[in-house]
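Once you've looked at the hints, dock chain B against the given chain A.
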Amino acid sequence: MKRDEITAALIEELGKIAPESDAGRLDPDADLREELDIDSMDFLNLVTALSDRLSIEIPEIDYPSLATLAHATDYLAQRCGG
Amino acid sequence: MPSLGADMEAGTLVEWLKRPGDRVKRGDVVAVVETQKGAIEVDIFEDGVIERWLVEPGTTVPVGTPLALIGGSPVTPKTAEPLLAAAPEPAAPAVAPPPIVPKPVGRPRRASPAARRLAAERGIALDTLIGSGPGSAVVYADVERATTAVSPRPPVPKRLDFAEMRRAIAAAMARSKREIPHYYLSTTVNLTRSLTWLETTNANRPPAGRLLLAALLLKAVGHALVDAPEFNGFFTGDGFQPGAGIHIGTAIAIRGGGLVAPAIHDADKLSLDELMAQLRDLVARARSGALRSSELSDPTITVTNLGGRGVETVFGVIYPPQVALVGFGMPVERPWAIGGEIAARRVLMATLAADHRASDGHRGALFLADIDRHLQSPEKL
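Chains as they are written, first to last, in our numbering: chain A, 11 to 92; chain B, 576 to 956.
Chain A extracted, bound-state conformation (with noise of 0.2 Å):
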C-alpha cells in the first residue's frame, strides 16, 4: 500500500472519530489526542480501525509513535512493509 493511501486511510478513520473536526487539515506534527480531543476510547477504536484495515499488528507498545499525523503514517507505512 502506498504511502498517500495510508495518510488517506487515516485521515478517514480519524473523522469518523472526530466527525465535526477537518481531519484532511491537520497539521501533520500536531499531536493528535490533542488536536483532535481524542480519548483513549477513541484511541483504542483507532487502533483497532487501523489495525483491521490495513491488516497489520499494532501492539500496544507502539501507541507513541501513533502520536502525530506524519509518526503514524510513518509508523503504518513500516508495519505494511513500504
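Hints in this document: simulated from the structure, not taken from any laboratory.
Source: prediction; values computed, not measured.
All residues carry an ideal CB built from backbone N, CA and C; glycine is no exception.
Keep in mind that a hint or two might mislead.
Claimed, not checked - Listed below are several chain A residues computed to face chain B (Cβ distance under 10 Å; list not exhaustive):
#	residue
1	E30
2	S31
3	N55
4	V57
5	A59
6	I68
7	E70
8	I71
9	S75
This is chain B only, laid out in the frame that chain A set:
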C-alpha cells in the same frame, strides 16, 4: 415518560417501535423519545402485551405521564433474559384488543436514533433506504451514503442539542450544590500493579480485546460498593434509599461540550471483559445520541475519570438524587517511599465526594481505602 435525570421535566415522543398487540419483554426498546440528552430509546421494564398507545408521536408530555397500556403477560413469567431482543411475533388476536392505530402504517422501519435524526434533518424517508445494520436496520452510515450522492460535502450533522444539554447540567448541578452537603476525601493509589497487569494482559490481545484502565477502576469501585452500601443509592424525601443493584453511572464527555453519565448495570457482577465491552458500547452510543432510558435513570453512583485530560485530582459534584461520586485523575510517575527507600512509582489520585446526610467521613475513608485495596490485586478484579 421516564425520568432520565433529576432535572428532566418533560419529553417528546418521537416514534413507537412496537405496535398494539405486540408482545414485549423487559429490556425491549419500544419507543424513541426526544429529551435534553438527545434521542433516547425507551426500554420497557415489564413483560406483557401492548394494549394501546396513550400518547401520539410528536406530543410533549411531563415526566410520569403513562405512554402506553401494557396488559399482563399471557406467556412467560419473569424468566426472560432482559437483553435478548424479542423476535417480532404475530399479534395474538385472542389477547389483543382491536389495535388503535392512527393510520394504517406498516411495521415501523427499524433504524437507529442517529439515523432517524439525520434522515429527518435531510428530508429522507427511511423506507427508501437499504439498511445495513442488525436486522436490516437503517444505520447512520446508510443515511449518510444516501445523501452524499446529492451533496458532496454534507454539513456536520447535529445529533445532540448542546444548549439543551447545558441547561440540563446546569439545573442538576445547581440543585446538587443547593441541597447536598458534600464532603470530600482523597487518597493516592499506587497504580503500579494495575498498570503492569494491564500492559501484560493487553500485550497478547488484538486491539478489539484490549482493556482500558477505566474498566479496572470501574470494577474496583463496583467491588468496594458491595461493602459500602451507603454510597450506592438515592437520597429522597424519605431519606436514604439503598440502590437495588450496583449501577455505576459513567461520566462520558460529549464531543462539542456537555456530558452524560449512563449506567453500567451490575458492575460488581461483570467480568472485566464484559465491563469493557459495555463501556465501549456505552461510549459509542452516548456520543451518537442513542442511549436507553434505563441507562439514564438507573445509576446509583457516578464515576468520573478525567485522567485522559491531564488533571491529577477531580473534586466531584454529586448528581442528585445520588449520594456519591468517585473521581479518578491521571496516572503520574512520582517519588514513592517504600520501607524507607524512595522509588519512582506510577500513582493516581482517587477522590470521593459524598452526601453527608447519607454517610460520614469515616465510612468514606474505608470505602476509598477498599477501592485502593482492590486495585492492588488487578488479577482478582
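If you test the structure against every hint from before, which numbers come out violated?
The structure breaks only hint 9.
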